[in-house]
Amino acid sequence: MNFLDLIWLIPIIPLGGAAVMLFFGRSLSKAAISVISPGSVFISFLLSVGAVFQLAGLHERLHQVVLFPWLPQLRVDMGYLLDPLSSVMILVVTGIGFLIHVYATGYMAHEHGPNHGGYYRFFGYLNLFVFFMLTLVLANNYALLFVGWEGVGLCSYLLIGFYFHKKSAGDAGKKAFIVNRIGDAGFILGMFFLFQVTGSLRFTEVNEALRSARFSPEAGVFGILSLTALLLFIGATGKSAQIPLYVWLPDAMEGPTPVSALIHAATMVTAGVYMCARSNALFALTPETSHIVAAVGAATAIFAASIGLVQNDIKRVLAYSTVSQLGYMFLAVGVGAYWVGVFHLYTHAFFKALLFLGAGSVIHAMSGEQDMRKMGGLKDKIPITFATMFIASLAIAGIPGLAGFFSKDEILWQSWSSPLGGKMLWAVGFCTAAMTAFYMWRLMFMTFYGEGRMDEHTKHHIHESPKSMTVPLMVLAAGSVCAGWIGMPKVFGENGFMQAIEHWLAPVFETGKEVAHAAAGHGAAQHDTTMEWVLMGLSIGAALSGIFLARHIYLRMKESERPTGGAMHPVLYNKWYVDELYDFLFVNGFSLGGGSMMARFDQKVVDGGVNGTAWLTRLVSTISIWYDTWIVDGLVNLSAFTVRALSYPVRFLQTGFVQSYALVFLAGVFAIFGYYWWVR
Amino acid sequence: MNNNLLSVILFTPLAGLLVLMFIPSRQKTLVRLWANISAAAGLLVSIPMIVQFNRNAEGYQFMERMDWIPSLGVQYLVGVDGISALMVMLTTIMGFLAIFSSWDSVKEREKEYYAMFLLQQTGMIGVFISLDFLLFYIFWEMVLVPMMLLGILTLYFQHASQFGRYTFEITELMKLNLPLGLQQWVFSSFFLGFAIKVPMFPFHTWLPDAHTEAPTAGSVILAAVLLKMGTYGFIRFSLPLLPSASADKTIVTVLATLSIIGILYGALVSLMQQDWKKLVAYSSVSHLGFCTLGIFALNQAGITGSVIQQINHGISTGMLFLVVGVIYERRHTREIKEYGGLAHVMPNYAIVFAIAMLSSAGLPLLNGFVGEFTILQGAFDANKTWAAFSVLGVIFGAAYLLWLYQRTMLGEVTNEKNKGLPDLNWREWTVFVPLILWAVSIGVYPKPYFDILEKPVAQIVRRVHQTPSAVAAVPVNAEAVTR
Amino acid sequence: MLHPITPEHYLVLSAALLLIGTVGILMRRNAVVILMSLELILNAVNLNLVAFGKQHGNASGQIFAIFIITVAVAEAAVGLGILIALFRNKETVLVDEIDLLKW
Amino acid sequence: MVETALFYAFAVLTIAGAILTVTLRNAIHCAISLIGSLAGVAGLYLLQQAEFLFAVQIVLYIGGIMVLFLFVIMLVNLDAAAKERQYHRHWLAAAVCVAGTGALFTAFLLRGQTLVKPAAVEQAEPVAGNVETIAVALFQQFLVPFEVASLLLLVAIVGGVVMAKKRI
Amino acid sequence: MNLYYTSTDHFVLLPAILLALFGCATLLFDFLVFPDPRQRRWLLICLVLGEACAGIRFWRQQEFLNAYGGELTAFNGALTVDQFGLFFQWIFLATTLIVGLISYKYLEVREEHHGEYYGLLMLAQCGMFFLACGTELVTIFVGLETMAVTFYILVGFLRADKRSNEAAMKYLLLGGLSSGFLAYGFSVLYGIAGSTKLRVIAEAVSARNAWDPILLLAIATTAVGLLFKISAAPFHMWAPDAYEGAPTSITAFLAVGSKAASFALLMRLFFGPLGSARESWAPLMIAASILSMIIGNFAAVTQTNTKRLLAYSGVNHAGYILLGLIAGNPTGLKGMLVYLLIYTFMNLGAFLVLTVLTRKGLAGEDINDLNGLMQRAPGYAIWMLIFLVSLAGIPPTGGFFGKYFIFLALLETGHTTLAIIAALFVAVSVYYYFRLIKAIFIHKEEQDTPPLATSLGIRLALGVTGVLTLLIGVYPEPFLRLAQMSISR
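Each protein sequence line maps, in turn, to chains P, W, A, B and Y.
Per my numbering, the first sequence starts with residue 1, numbered consecutively.
Per my numbering, the second sequence starts with residue 1, numbered consecutively.
Per my numbering, the third sequence starts with residue 1, numbered consecutively.
Per my numbering, the fourth sequence starts with residue 1, numbered consecutively.
Per my numbering, the fifth sequence starts with residue 1, numbered consecutively.
Just chain P, with the same shape it has in the complex:
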């Protein structure tokens, strides 16, 4: 069986699953759904594994399958491409996707209402998501990538708004979609630029073109390539929740927890990273943009981490953590260490999915309660959840030996040592690492340790989750431990296994490397072994101190003794007031400036509840309405008025008195003679 030629089946099978779910799901039993939906993903997983193995056997690790031409104007096909980068992605998507599907069969089992509260719908969307995500990572060109890109956005919208009877869910979904759309606008323009510059949107051809001598690196100048890269990056910021378009992701936690795990932690939000890694040649050619990417990544990382420090909603903590970790990935991409970014993406998928699923299990046990202040002491009641989450928290905090350590440490090291990196970037990353450890363990301590702060009724109901939920947890825990072993630092020793991921991905970033070399004009980054050890030590120290600080504050101290964080606390708790800032800028500032009439419209707009990002929309639409009411309608009315006004003289003449008519008649005669007399 030639799996390589069947890679197009990998996305199609979940699509089939989705179609079955959405169109016939209502008549299927829960059991059938629980088999078909995860089963389709599992088949994809098997196909992926097979394909990846066969890929490994190829001399040139790249295989394309072109189904049919799609958009002839852009010379774009329905074509799939499997190379090391996409192979990592499909394994993550199908593998973790499958686990989350299994988990969801347990988690969603309690949905009530007609048709099991949309059980089938949920799995339909989930399968659809997998389809789009696989399309995204398997596409052989930007346009098809964009299909997946938009598609996952749609599924994200649908799944965030899954509990659509809740207004907040609907709002969050909409916000996510619209913010993503803003990024997409950048992406579309970026694609057009790319097409204009390279004459193609196929990855292979784009790389080919960029590698050719036609393009020189744009170091120190901000040229068309930089603009292209920047536009693509804007797309990525939307999808991957980077500053300034990150606002949707925390709100997206309105969706069911498996969704948060799959979409908003493991897969979709990393699409931006994937895309930037995919475009490594382009970014390598444009150091200016790379700086921006690194800066945005670092800023997002620390910014989100700082917010995460004080959140009380368990999922929100994880959400900000995700934003922060994504910032890490962009930091890696920005400093030119593309494989490290992908590596972190891959390890992060395990432990963050695990954390979310664990959190889901906790929420499940707590009968839906998400506020950590009402938890505590769950350690013994739900041991498996606790154990697995414990592992994941260690992993994300960067405790050596676990997956997170290797990838995060590599990022820190690269940001220190890469020609594109810098000490500042490292410092930011370092602080973030400490904060990460702190907030994660704050979460652990508040949730699992100490006394239970929940009410009696809830307490009574606390129970460990079913097998279908715990087994995926355990598998992911194993992953969180082991996943990083294929990407150990070189200082640990170099061999084929320990740096497997780097070698595996190397061909993909070959082009980027080449052009980067041409750009930098000198060799690779200096490899200071001592320094690496020192930095590693520092980061371990930071992680540990973060953990112990958390333990000190949240386990040892009584609630009243805890430091409040002073003036910073409200700032952080309110997320740096960004939402308020948007509100202030877009809503209040606007209405204050707008006068009373504007304010009336504004009222409508505010009621409408389009969130902050719709500022421009509101402004312009208000103007539009105003324009429509006063100018366009006005013109129409004016013309009607003119017509009427012009008819008044006629009315004035047509008085009904016959002699007036005769007078007009005579005036006409007079005019004729006058014309003959004077004009001629």
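To be clear, the hints were calculated from the coordinates, so they are not data collected in a lab.
Here the structure is a predicted model, which is why all the values come from computation and not from measurement.
Any given hint could turn out to be false.
[Unchecked claim] In silico DSBU-like cross-links for lysine-lysine, where the CA-CA straight-line distance does not exceed 35 Å:
1. Lys90(A) <-> Lys83(B)
2. Lys417(W) <-> Lys438(Y)
3. Lys360(Y) <-> Lys166(B)
4. Lys438(Y) <-> Lys102(A)
5. Lys30(P) <-> Lys379(P)
6. Lys165(B) <-> Lys162(Y)
Got chain P; can you put chains W, A, B and Y on it based on the hints?
Positioned in the frame of chain P, the structure of chains W, A, B and Y alone reads:
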């Protein structure tokens, strides 16, 4: 059969109408049935055209020629190229679906309703296939701007003075070599007619009102086909007949700017609508802004995208109007705030609406994306600023539709009256399913559309970009002329 | 003062008569007087015709004048008939009190 | 000489009669003034050797039409009207307009010298045997209008009857 | 000079004789043979018979002209039958017939049904005959007055109705004034030529400078008289009042027959004898045309009385038709003929629907009376739609071709600005026609109203006018050929 295929297509609805006249209006079922049969027949006879269409040939095909008003040099001259063939198909398909969807919704004066509908069907097909300018104008029935007539007559005279023969035949008129100033004036006279028809901003104000007055099927056909007459006019007449004026920098800038304003404006005003149908109507303004922008990108991508987008707009906006119609029939109100949480009550309806909405919002793998994206590409090639602004329209497009969806479909069922509404019935399904399939098929495999459009569009683009002195007659495919 | 009478004399006289008739039509409120003014106008035409006829030396002018008189008779008869009908309904012959139809 | 004097006499009669017609208050006085004016015109016909026309003017106009007018004046009670304002409100505008038109009119007439060739005045022979000439022309050259005129009069009769009779 | 009544004279005059005879016969039959009011339908039949006989004679003339070409001159040049004249005779014939058909029911409803009416209709047509075929001033003038006087009577035919009286009075006073001016113009023309024959006048005029003062005097007064008759601004003031006050059927006759006849005369004079002085009268016509379009359109916009609205629209149409005269080339002439032909049918049709709306105790003249016509009488509503669309000049109705030729002629002769103005005014006119359409199709009827006053004759007339309005739009070829033939001498 082949020799007068187009006439058959043109007159099938008319024949249906004639028979319909003799059915007493009391026989309501018979009237409906016959109208459906006629529309279906109209659809069937148009299929051979698209099947036999030779997409590799240049020029017009299935041409028929007959003297009509010899003393004016007016002929009955019809023919199709790729663009018009697609438009004819759009007309017959949407016409049939619209008639079909009226089965339940039109309950009074059916006979008159169906009669008018069939008549209109003939008129619209006529617009798309006529190659004689006066014939075109006459089929243009509802155009209230005789300015156009002056433009046409100017061409007529110019032709006579240059070639010594009076004719309205387009291929003949294309041989004209007019000075720019004259072209500009004729262009403006056409512009008025076409722009009002499209409608382009700021001539759009009639559209929402028309839609709110019209019954569902009327809205569908208005959105799906009637509005296309304007854009079609630009492509078929303004561009090839007046190449220098069409390529004139000022004119192009003005039109593109109006289009972009239309895109953004339509979208933003949609955002604020309280009336479901009006919202969809304003969204049409936005979509058609894309279509005209594509045309005045004046390149292959732009014009191709524009034609495809015209079809897409027909499908997706048609669907949206049908969606409104479904609920209007049940509740008799279009106020958005009357609804909410319909997804609970009518889950299938919610899915259909979602697909319609996404197709309209330009989600990839659905039809809207292909057109919008190609237009954007064309606009980008022509002028990057245009592309940048029109991309904003994509964002807003998502915004108003999602918000509409949220306000009507999601949330709790707040209005008692909405509880217990029946979901889609089989007849409604029958209308929606082909449309959805069509939408998906264009989204996934649009190549046939690009193929069929390639030659005619290339011809137009070539003509527009040629220097005036090199403007030559576009040859009529000798084989395609059957008479 | 006693130079020979030329056709111009007649023409000017006719013009004067025409104008006086017009003045009557325009200014008098009494419909009967207006109808009389119409007679004046037609007489002006007749003066013209006869003068021209004399100048050209043929009878057409005079014949035309006879027909004009006929027309005047017919108009007067019908006009007075209408006047009577109107008077029966409205009890007035003042034309500026007749303004049901306007605008 | 006599002719000139007679012309002026008739002209004055005509104009004076006309002016009185449009100015006098009492409709009967107006009618009588009109008769005077028409008689003046008749005299002018006579001056130009249009004897037949003279007779027609006297018999038809003064004898026929004026009687009709007088009948109507008697029929419709004009006493009330005589007490009313006699001129329309816009009389000033009308006067200006008429005066303007009249001035231009006359100016055109006097400018149109080309019409009257001086020689023509002397050459103009008196139309010999006026009544015969008229008769021949009327029944030969102008036969059609003559017949049509009968239709016109028929219409007028019918019209007068239809309009004036209370019940048909 | 021919002293005898020749066979040519007879051949030419016979239709008019027949019309006059049947007219007189109708007058006589009214009180001699059919005194009973219920027998009045025989009078209508009498009219139809008269028209049929006249029609046969016209057809003979037509055949003769088609066969031998040229023209038939009779009575020493007083009458000329040519294709141009015959074209109008057919229009008059159709108009009179249709007006007769639609009058019957209307007069019943208005309770003023008298036998004189039909006789007068035919006598009016007789007057029109001389207007279109007369080639001698006296004949023309007497014919014109016959028509005019008949119309004065017919306008006032609703004797018990104050508004009808008033309309007749106004029409008569103003008509008399305009006749006076026209007669004055004719007298000057006679003075110029020394003859009343148009052919002689043509020679005399062409011998003169176009700006000869005395010629200007003639042109100005003649033009004023004729512009009044075709109700062109600023001599249109009578039209709205007379149209409103007159019985609706007579309004139709006035709007179509009288206007067509006056245009026939206008074209005869201004393309004929006065053609050589084109440069001096063209500005007048341009001014009148533009003024007519302005006043006609803008005044129509605010009207609430349908008849008044159509009166102003008639002013507007007069302005359009005048444009053909201004263009002055064969296309323009042809355009005028085509326009008048189409105008006849579409306008008659529109008025016909209005007569149907007139019921006992309901004048049916307000725009609101059209409300809900679509529900009540879809047939009438759809035909009315066609007439209105045609009046607005939208294809595929006949009205389009009327405008088409006018525009064509203007562009041919380089009057581009005029063409643009005219085209813009079409847009305005659409506004008020669509007000009526809106009333018919969108507005709802307020309360129960009596059924429409229809009859077989009305339906027949509706069919004829409607089908012709459509036919001329869809297949204009034969009509265009007819018009083309009419202008080729």
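Results for each hint:
no.: 1; hint: Lys90(A) <-> Lys83(B); verdict: 18 Å, holds
no.: 2; hint: Lys417(W) <-> Lys438(Y); verdict: 34 Å, holds
no.: 3; hint: Lys360(Y) <-> Lys166(B); verdict: 22 Å, holds
no.: 4; hint: Lys438(Y) <-> Lys102(A); verdict: 25 Å, holds
no.: 5; hint: Lys30(P) <-> Lys379(P); verdict: 32 Å, holds
no.: 6; hint: Lys165(B) <-> Lys162(Y); verdict: 16 Å, holds
When held up to the earlier numbered hints, the structure conflicts with none and fits them all.
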